[in-house]
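Since chain A is already given, all that's left is putting chains B and C on it; use the hints.
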Amino acid sequence: MIRKYLLPFLALLGFLHAVRVVFAGSQPVVASQPIANPSQSPYPSAIAGAGIVESSSENISIGTMIPGVVAAVNVVAGQRVTKGDALFSIDSREAQAEVEAKQAALSAAEARLAKLRAMPRAEDIPVSEARVREAEANLADAQHQYERWQQVADARAVSADELSRKKYALQMATAKAEAAKAELALLKAGAWKQDLLVAEADAATAKAAAEAARVTLDRHTVRAPIDGEVLQVKVRVGEFAQTGTLIQPLIVLGKVDTMHVRVDIDENDAWRLTPGSPAVANVRGNPKLSTELTYVRIEPLVVPKRSLTGDSTERVDTRVLQILYSFDSSKLPVYTGQLMDVFIKANPGQTEPKN
Amino acid sequence: MIRIALKMLVGDRPKYIGMILGVMFSSFVITQQSSIFTGIMTRTFGFINDSPLPDVWVMDPKVQYIDDIKPLQDTQLLRVRGVDGVEWATPLYKGLLKARLSNGVFQNCNVIGLDDASLVGGPGNMIKGKLEDLRRADGVIVDIVGAQGRLAKILPDGSRQTLDIGDTLELNDRRAIVVGIASISRTFQSQPVIYTTYSRAMNFAPRERKLLSFVLVKAKPGVAISDLARNIQSQTGLKAVTAEEFKHMTVMYFLKYTGIPINFGIGVLLGFLVGTAIVGQIFHNFTLDNLRYFGALKAMGASNGTLLRMIIVQAIVVGLIGYGIGVGAASMFYHVSKKSELAFRMPAELLIVSATAVTVICVIAAIFSIRKVFKLEPAIVFKS
Amino acid sequence: MTTGVPSNIAVHCAGVTKTYTTETTTVPALRGIDIDVKFGELLMLVGPSGCGKTTLISVIAGILDHDSGECLVFNRDLKHMPDKDRTKFRGENIGFVFQAYNLIHTLTAQENVAIPLLIRGVVFDEALKKAAEVLQRVGLGERLTSLPSELSGGQQQRVAIARALVHEPKLIVCDEPTAALDHDTGQKIMGLFREVAIGENRALIIVTHDSRIFPFADRIAKLDDGKIIAVATAKEFLNGNQHL
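Chains as they are written, first to last, in this note's numbering: chain A, 1 to 355; chain B, 1 to 384; chain C, 1 to 244.
Looking at chain A on its own, in the form it has when it is part of the complex (with noise of 0.2 Å):
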């Protein structure tokens, strides 16, 4: 009975183990959910683009007009700021003695002034008057002498001699009156407005030089140049600061009340732009939050695209145009300088090229 059945038995037991090898075999693939669902557009047809945030007034790279190290960094990435807040300041203490030894130079200078402003010294004008009194009394004294000598009038008992040193006398005794008159003319006249010219200007010279070496140190601390937050501080304490452009900003601010979105269009889609269309970005990695844009302008030259290999050699051939959209940035918890996907509103008809 067993030999019979074994052959029927073990052709059962090998289909219906088949028949299993067949169902393990096609149980479906499990999918991955995404993580997060790719984001979607809202509108029936539209052009994609990837949107970068930046502020509204574009993102400010602070500079420093001069060059050194860094003495203080006042703010944090973060802050917020309101114009002509100290950001950062650059070692001042050689523009700190320029503005003192210029400080000094304009005092000195217009102590000069003062000097010329104050004569004549009073103490002075006693001396003159009593040398004036003197020479006048020399004076008076000559000219009694010789007015009695003249009268004598015999030349025998006047010698001529005599009565021409009396007369010479007499009138060295007034110019001598006359010059201490002039010399106590001269002192009560005070300064001569030539020097106090040269003077004033001496002054005005130094205290522009004292100003300038006061802009040079106010120049060492940057300040913002608008209301806004500081979006990135890139510069620390000790850190050598250079002027000009700078690959990496010292320190970059932003409005960012209202934030702007930077939309690469595909130079193959930017036919279908029509300016002002409404469009949507979404937030990468939860495409439920996302924000209608307020369309803000088109940047009329398109660019290259940015390339993610970031190879300076490589050859760049695809071009994107630019257009910006602004949006309220308390509503989404984005940031600056944050890839979004933004769809903009196309029309319908558009979406085949017309050949």
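Quick caveat, the hints were computed from the structure, so don't treat them as lab data.
Where is the CB? At the ideal position from N, CA and C, for every residue including glycine.
Don't take each hint at face value.
[Stated by the list, open to error] Taking lysine-lysine pairs in the BS3-like style, the calculated list, with each CA pair at most 27 Å apart, reads:
#, chain 1, residue 1, chain 2, residue 2
1, C, Lys129, B, Lys7
2, C, Lys79, B, Lys375
3, A, Lys181, A, Lys115
4, B, Lys220, A, Lys288
5, B, Lys94, B, Lys130
[Said to hold, decoys possible] Stretch-level coverage of chain B by chain A, calculated; a stretch enters the list once three of its residues show a Cβ under 8 Å from a Cβ in chain A:
#, region
6, 68–75
7, 85–92
8, 111–125
9, 327–335
Just chains B and C now, with coordinates in the frame of chain A:
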């Protein structure tokens, strides 16, 4: 009379077993060879199978099959996204990169770069770790076969240690950390498969102008997938095919440009021919042996119809048993394939194909016998 | 349907001829046979090899068609019957005992005996039961499950007889039933035949050239060269045996 027929068949043990062996051999060879062939062909599009999410695959117009990578510009992704009816589109990088193992050996690996945000196209069957872990810095996910095999660490004593989470690899001189192990379909070239994010794959890949291998597209609900593929094709000038079409395309490429189908076709044909020859011969012999019994039965009043039924039952029994054992034996290779590089896939169609082949064999064998019996004159019973 | 044959006649042959044609030659086998076989009768056909005995029983059993003449079995003309009906007729009315027994070697005695019933469509178990009864009657009640190869020649012939009897046919045709048996066994078999096979509603035709069993016949017809040259009762035949 059916039972008589069965007893006649089973009673002649050597021929009975011989015929069953013949049918078994045929169905075994046909099923096993076809299964391996199907397995190999399935491997060619294993990657497409592993990514069931996208409806449409977009690629360069000149791409012929899945491993034929002709990269696109990155902006093509955006253009595809802009096509009507596209629910979403994600980029995919696929390329062969050299991995340097801890012992200094270089191993070519299939590196897959998934869309950073959604990780669409990732492996569905994670053995260790989570797909999300790919977001960790330098993270990669390695397939289990690669982790146990070609990418395994060679210890100083020469033994292999399976690559595990936390181990590092060097991909094109860049560091990569294993954050997960996945089980995926084997690929045709059997290279280890390494999953990572698209942007990281850009770093691993040698610098090229274009690196986007495929754009994976999901159709909006209600949009016909084939229409969408056609739309994408006409609007972007790229090739857009449905997943099924892509599989078909890949298989057709291998069928057309490799010798695989011919080799296996010959194997299957040989199995069929040898089976037919053996079974036909033995069955014919069996009928000849029993001819005088059939004559006696005919004389005793058995009609041709009865005799036909008897022979058919005998053929069916031989066919069923041989077929059952044959496909059973062939299906044992499934277990072998689980533990080795053997490609093996046995869809239900194959069981039907080998059943058909066995039927044909038995019909051919039976036809010879039936002719003989039908032509038989019962008068032979009186001949000594 | 031919009428005019008395109802006690099982087989009626009149002027039956049969010629075998091959590509090169024509061999006349029967050249006009006239014979009637009655119910309850055991007729032996004897004669040298090639005399046409086997051809004649083939014609009578409806296995071969004769060329001309009339051959009625139970008053029915088998020649003009459709093949299907004739086969059915054979299965229902005629029992065969073949020279080489033709027992199917892979079946037990019981199963072999059951075959005629199975051909008629009897349920397997019932057929086996009936077969067992008949085997009992031929004295093989204890060898039901033996294979033919496990039985002696005589036992095999008993099985064959049982098979010919099991469906209770009205005509039994035997071809050399004792050819392969020794004398004693042959005698026993013939005894068995007379014992179990002869009945009122049954005719028996035995072809033989074994003279030792002639006494078991009711009548003996001697054929030579396709003709019946003598018909006699067994007694007459044996008495005249010397000069025939």
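Structure-based check of each hint:
Distance check on the hinted pair: lysine 129 of chain C and lysine 7 of chain B sit about 18 Å apart at the alpha-carbon level, within 27 Å; holds. Between lysine 79 of chain C and lysine 375 of chain B the alpha-carbon distance is near 19 Å, which keeps this suggested pair within the 27 Å criterion. With a C-alpha separation of about 24 Å, the suggested pair lysine 181 of chain A and lysine 115 of chain A falls inside the 27 Å cut-off, and the hint holds. Between lysine 220 of chain B and lysine 288 of chain A, the direct Cα distance comes to roughly 17 Å. Compliance with the 27 Å bound is thereby established for this hinted pair.
Our distance criterion of 27 Å between C-alpha atoms is met by lysine 94 of chain B and lysine 130 of chain B, whose separation comes to about 21 Å. Restraint check on the region 68–75 of chain B versus chain A: 3 residues with Cβ-Cβ distances below 8 Å, three needed, restraint holds. Taking a C-beta to C-beta cut-off of 8 Å, the region 85–92 of chain B contributes 5 residues in contact with chain A, enough for the three needed, and the coverage statement holds. Requiring three or more residues with a Cβ within less than 8 Å of a Cβ of chain A, the coverage given for the region 111–125 of chain B holds, as 11 such residues are present.
Coverage of the region 327–335 of chain B by chain A holds in this model, with 7 residues showing a Cβ closer than 8 Å to a Cβ of that chain against a need of three.
Hint check: no violations occur; every hint is consistent with the structure.
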